[in-house]
Structures are given as structure tokens and as C-alpha cells.
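**Q** Quick note, the sequences are listed as chains C and X, same order.
To convert, count from 1 in the first sequence and add 13; that's this note's numbering.
To convert, count from 1 in the second sequence and add 1; that's this note's numbering.
Please note: incorrect hints may appear among the correct ones.
Stated by the list, open to error - One-sided and incomplete, this derived list gives chain X residues near chain C with beta-carbon spacing under 8 Å: (1) Val4; (2) Gly12; (3) Val118; (4) Ile120; (5) Ser166; (6) Gly170; (7) Ile172; (8) Pro226.
To be verified - Listed next, the stretches of chain C that the computed footprint assigns to chain X, with coverage defined by at least 3 CB atoms under 8 Å from CB atoms of chain X: (9) 28-39; (10) 193-204; (11) 208-217.
It should be emphasised that the hints constitute simulated quantities derived from the structure, not laboratory data.
Glycine included, every Cβ here is placed at the ideal spot set by N, Cα and C.
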Amino acid sequence: MVVEQFSLAGNAALVIGASNPLGRAAAVALAEAGADVAVATTTRSQQEEVAANSCANEIWALDRKGFAQAIDAADERDVDSLVERAVSEFGCLDILVNAQDLHFAQPALEISLAEWRRVIDANLTGVFLACRAAGREMLKRKTGRIVNISSVLAERGMANGSAYCAAQAGVLNLTRALALEWARSGVTVNSVGAGWIDAGGFLADENMKRQLERYLPYKRLAEPEEISGAVVYLASDAATYLTGQVVWIEGGALSHV
Amino acid sequence: MGVLDKLKLDGNVAVITGAGRGLGRAMAAALAEAGADIVATARTESQIEESAGLVRDKGRRCLVVQCDVTDSESVNAMVDASLGEFGRIDILVNNAGGATDGFGNSLEAITDEQWRVGIATNLTGAMYCSRAVIPHMLERGSGKIINVTSGFGLRAGRNNFIYTSAKAGLINFTRSLTMTYAPAIQANLIAPGLFPHGDPAMEEWWKHGKFVPMGRLGADEELGPLCVFLASDLTSYMNGQVIVLDGGGLAGGELPTRFAPVVPLESE
Numbered sequence: 014m015v016v017e018q019f020s021l022a023g024n025a026a027l028v029i030g031a032s033n034p035l036g037r038a039a040a041v042a043l044a045e046a047g048a049d050v051a052v053a054t055t056t057r058s059q060q061e062e063v064a065a066n067s068c069a070n071e072i073w074a075l076d077r078k079g080f081a082q083a084i085d086a087a088d089e090r091d092v093d094s095l096v097e098r099a100v101s102e103f104g105c106l107d108i109l110v111n112a113q114d115l116h117f118a119q120p121a122l123e124i125s126l127a128e129w130r131r132v133i134d135a136n137l138t139g140v141f142l143a144c145r146a147a148g149r150e151m152l153k154r155k156t157g158r159i160v161n162i163s164s165v166l167a168e169r170g171m172a173n174g175s176a177y178c179a180a181q182a183g184v185l186n187l188t189r190a191l192a193l194e195w196a197r198s199g200v201t202v203n204s205v206g207a208g209w210i211d212a213g214g215f216l217a218d219e220n221m222k223r224q225l226e227r228y229l230p231y232k233r234l235a236e237p238e239e240i241s242g243a244v245v246y247l248a249s250d251a252a253t254y255l256t257g258q259v260v261w262i263e264g265g266a267l268s269h270v
Numbered sequence: 002m003g004v005l006d007k008l009k010l011d012g013n014v015a016v017i018t019g020a021g022r023g024l025g026r027a028m029a030a031a032l033a034e035a036g037a038d039i040v041a042t043a044r045t046e047s048q049i050e051e052s053a054g055l056v057r058d059k060g061r062r063c064l065v066v067q068c069d070v071t072d073s074e075s076v077n078a079m080v081d082a083s084l085g086e087f088g089r090i091d092i093l094v095n096n097a098g099g100a101t102d103g104f105g106n107s108l109e110a111i112t113d114e115q116w117r118v119g120i121a122t123n124l125t126g127a128m129y130c131s132r133a134v135i136p137h138m139l140e141r142g143s144g145k146i147i148n149v150t151s152g153f154g155l156r157a158g159r160n161n162f163i164y165t166s167a168k169a170g171l172i173n174f175t176r177s178l179t180m181t182y183a184p185a186i187q188a189n190l191i192a193p194g195l196f197p198h199g200d201p202a203m204e205e206w207w208k209h210g211k212f213v214p215m216g217r218l219g220a221d222e223e224l225g226p227l228c229v230f231l232a233s234d235l236t237s238y239m240n241g242q243v244i245v246l247d248g249g250g251l252a253g254g255e256l257p258t259r260f261a262p263v264v265p266l267e268s269e
């Protein structure tokens, strides 16, 4: 049955950045599809830790196994020990979802080197570290699925968004390069390109949000649950011949330009 | 509702052009498995019957309509027959197409007629079918159009003028459908890589996919789940997008040169 090819029953997944709306929706969708799911934060903020714990509760409520861990996703020791814990608790790791997200908007002339590094580290270097740690396990078993969540700002620029846009674009080409490197090792690496969602950050300004809604073909922002289905598809046996690609779910925003 | 329930297409009706073989047949079978009733169309009626058998084996209804997508009267009659039989069309898969006479010709060697037929088969047919179905979809307030383009819609090929032009045109035609009819209608594309459809000569010609990053060619059945994904409620916010299913070919761009740039892949 074709629908069963999308099932993730018996799979073990790790979602980093499940403390934000897209990561949370991805983690819950993977659990709904049958996977056990461990979740982690992007930074060690109290607020993110609470959000990750609440996401783990949703996973348990679906009768799936999992745990929540607060990490600094840009710290290699944190990331390595997170992946080790997932492998030791689940026995293996089939799926990695990178949903790290640190919003940052400043005029370029006002960005300090430390701020630039913080944004690149959280949004891009953290993805590399997680792919490297999970890749070690996946290449050993010659099977694995990696899904890196990126944004329309990977493909289009935004004034005052230089650091964030550069990091997001980096995620896309990191995805393509890893996909080629691991194509014959049974590991696929793809990206889900997310449209605009109402997650605060850049859209904390109501005026900007209203302008954006008028511009979008759907005349509304996306719900995170409208994007997470693509994570399930890419993580499943329904997508065996697909690697090195971006699956955009963005309500036609990119058809404009 | 769980995420997997959103994949179910029970009660939906899907029209598939070029359903007599290959990817069209695989998509018809997959959509039927997910619960949709099927209108299977192709120019050659004898081939469609086998596809219809697959659909009926899965317990779904199948209407077989002979249709030449390059003839708008034939397309309109096919859509009328589909609505007459089922009363609705939820999904349109514009899959008919392929290499036509003159494929591989140098520019000077392309005749007016070869160009006309190639563009008609790979671009105009999708326009005729969309034009015939969209008023009905708008009346019902929803519809999904899935257009099958090609890796050659995204990259160029030496002496590949007709096919690349038509398939690239199909991509921007689809994006304009998005800009015009979203959100009521969703229009997305599938770009398959190299699929030999079980033809040993094609497998040989493509060296069994040794130069593809994944090291193999695509199997028709691998396209079915993607078609179901795009036809389902899982992708309600996806519009105007190309999903490339090519074993990594376009990610590295080595397909045209048949070797991997910079770092050779595992040698065989």
C-alpha cells in the first residue's frame, strides 16, 4: 500500500530545534507517522528548554518513546553527546531533522563579528555538526535520512538579514554537497524550504506581517503543520530516489520573482 | 487527524494523461492505491487497458479515454467524458510527453514541423488539459494539478532544443497557474531523472546509472508515492514548486558530463 510507504513505525528520529514551531511540528509529525523522537533545543535558554520539554510530552502522548535535551546546537560536544544519547536510548538513529533557528536582523554596518559568528554558528555550523555526528552512525549502518529545514530566505535576500540569509543559503548547499558525498552509502540528505510562518522573529512587527500576507498568493502565512508533512515524506520509504534536493512548501511565494 | 491519514485520497477523481505506460501507469496505480478513482488517457487505447486493469485490481473505478493531448477538441471531449462519468475532477496529472521526432537534431536540422510537434506534445498539451479542467476546479473551489517536467526543464543539453524548451516552458507555465489560481488550485511539478521504464536498451544507454550519484537509475514505482504526496492534503501549502526525483543528479550537476566534478565518486 502506497500510504504505508510513508509510515515511520520502528524508526528512531532526532529533531534539533524542536523548541521552535517548525521543529516542534516536524517532531510531532514524525511521531504521528510512527517514529520514536528525541528532541533538542537550539540554545540553552530557559524558554527553549520549556518548549522542548512540552514537545517531548506531545510525543509521549502519542505513545512514542523520546526525550528532550537542552543543548547549545553550535557546540560540538553538546551535539556529539546528544547523538550518542539518542543512539544509546533508541539503539540506532534512522532520521535526523535539523530545525535550528536563530532569528537575527541588523543593518550590516552594525553587525559585530561576534554577532555574525553567533548567527552563522547556530543556523549553519550547528547543522554541519549534527550531520557529522549522525552521519557517523548512519554511514556505519548504510542507511539514514537527514532533513535540513531552511527558509525562503535561503533563496531570496532581505535587507538587514545578511547573516541569517547567508546561513540559510549555506544550509541548502551543505545539503547538496553531503547528499553527493553519501549518495552511495544509503543516506539521503534533503532540505525542506519553509514558507513564512507566524513565529515572531522577523514578523514580530504587525505592519510587516500584514504587508507580507497581502503579497503572498495564499494571502496568509503557513501553519507549521502544513510544512511538516514534507519532513515525513523525505524521512520515509516513499522517497527512495530523492537526494540533494529542496522541497519547498511556501505558498507560491517564490513564484513571484 | 494523524499525518498519514492526510495521504488518503478516497472519493477523489484523478485524470492522468499518458497513463498507458511507464511513469503514467505507476502514478495511476499509486493514486488508486491511495483511494482515488482514475481516468486513464493515452493516444494508444490498447496500452491504457493494462493500466486500467491495475487500477481495478485495487478496487477503484477506472474510465479509459483515448485522447491526443495535442488536439484541444480531443482534450475537451476527454474532460467532458470524465465529468460525465464521475461528476468531478480533483487531480489532473499532465504526464503525456517525451522525446519526439527531431530530438537530438542540431538546430539547423530541426524542421518547423518537428518543433511544432515537440512543443505541442510536451507543453501545449498540458495547457489544453489545464484550460479544460480549471473552470470545473474553480467552481468547486479546489483542485490539484501535477505537471511532469524533466531534469531537462532545469538544465540545458547540447542539441536538445525542442525538449528542453518545452519542459522549461512547462515549469513557468505552472508557476503562472500558481500566481493566478492559488490558493484554490495547487499546481506543482515533478522532474524525474533517468527512468528506463524497464527497457534494457535504455538501461544500457544510460550505463545502468553508474554516473548518477546514487549509482542507479530510477524505477517507475518510486514516482508513485511522490505523486500521492503532491495530490494529498499533506501539501496544501505547496504551490508552484518542482520536486526533482533523480538520485542526486542535479544536486551535483554531473549528469551532462557523465563524470563527477572535482572528486570522483566511487569507481566501479
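**Q** Taking each numbered hint in turn, which are not upheld by the structure, reported in ascending numerical order?
**A** 2, 3, 4, 5, 6, 7, 9 and 11
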